[in-house]
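Based on the provided sequences and hints, a complete structural model is requested.
Here the sequence shown is numbered in my numbering, starting from 49 and rising by one per residue.
The hints are all genuine.
With a straight-line Cα cutoff of 30 Å, these simulated BS3-like cross-link-like pairs (lysine-lysine) come out:
1) Lys156 to Lys268
2) Lys151 to Lys354
3) Lys316 to Lys249
4) Lys156 to Lys52
5) Lys151 to Lys52
These aren't lab readings, by the way, just hints derived from the structure by calculation.
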Amino acid sequence: MKFKENELRIIFYSTFLIIIIETIFFLISPQLFTLIGFLPLLIIGFVVKLRLLFLNLILSNFLLVFANFGTSILSSKSIINVSFMLVFVFFSSLILLFFVFLKLSEEKQISFGSSLSNYNLVCNLLLLSFIFFFFSRLDLSEIQLRIIDSINTIFNDSNLNRNTQMEGLVKNVVSILPSINFLIILISLSLNCLISQIIIKKLNLPEEYQLDIHDSIVPKSFLSFFTLCFLSLVILPPSIHMYVNNVLILSSFCFLTDGLIFVTNYLKKFEINKYIKFIFIFLLFIFLGYVLFLLIFFLGYYRSCKKIFLK
Numbered sequence: 049m050k051f052k053e054n055e056l057r058i059i060f061y062s063t064f065l066i067i068i069i070e071t072i073f074f075l076i077s078p079q080l081f082t083l084i085g086f087l088p089l090l091i092i093g094f095v096v097k098l099r100l101l102f103l104n105l106i107l108s109n110f111l112l113v114f115a116n117f118g119t120s121i122l123s124s125k126s127i128i129n130v131s132f133m134l135v136f137v138f139f140s141s142l143i144l145l146f147f148v149f150l151k152l153s154e155e156k157q158i159s160f161g162s163s164l165s166n167y168n169l170v171c172n173l174l175l176l177s178f179i180f181f182f183f184s185r186l187d188l189s190e191i192q193l194r195i196i197d198s199i200n201t202i203f204n205d206s207n208l209n210r211n212t213q214m215e216g217l218v219k220n221v222v223s224i225l226p227s228i229n230f231l232i233i234l235i236s237l238s239l240n241c242l243i244s245q246i247i248i249k250k251l252n253l254p255e256e257y258q259l260d261i262h263d264s265i266v267p268k269s270f271l272s273f274f275t276l277c278f279l280s281l282v283i284l285p286p287s288i289h290m291y292v293n294n295v296l297i298l299s300s301f302c303f304l305t306d307g308l309i310f311v312t313n314y315l316k317k318f319e320i321n322k323y324i325k326f327i328f329i330f331l332l333f334i335f336l337g338y339v340l341f342l343l344i345f346f347l348g349y350y351r352s353c354k355k356i357f358l359k
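Below, the structure is given as structure tokens:
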């Protein structure tokens, strides 16, 4: 693989930029890193070619691993946290997959909704692999007991009947934690994607890929997959429910995205200051919380059904 001189310069500077910014984010706060860790990767991904991005991510991960081993040999404590490296590898994989599907959607003229659904299916495969090979082999009883003890301490309640009911509820909640965390990561990726687009436009950077989100309706194949997964809970044994529930939660991201895009486009019809719109949506999420998420999800699901059955 041959590279021009300017491409080598781009690889060097962008790799250096990724390592510095991501490390600073993590050192400031691990929570900050999980929230905006996608941002530098997305900005670089939108302005460089896919093969350059691939090399950037490979070099960044390699240099972080090398720095970790180097500092651990020279001193008793490594400067770079192992958990930071693992999360960065995971984030890098998601970003690379994102731009692979974005490039394919441009080349084959696939709608944003179809491309997002295909991306989500790959994420589901990653999630199922994690649950099967790692999460399902963990002893979750200790985590469940800690959660129950914490709830009892907060509410000062030691009723045995309530504890029995609570155990079942906590067990179900713990079983879907992988998909909830993955869903939050994808939401974070989406928000960072919007922020990266604003930054790129403000800096007048040339874009290699255009993010066209107008046709965000989920395709028939993905809608059928989601509906069949939901209906299969009736006939499948309880031992499989954990896998299906996690798939359903992560798959809901596509319907959430479509519903949210529809709502934002609808609000554009009203001549209101964009900052007031942002505050209005922000307050809705604060006061309604999960109820608003459910409403947006059902809106996206309804739009997909409407497109198929009323076409």
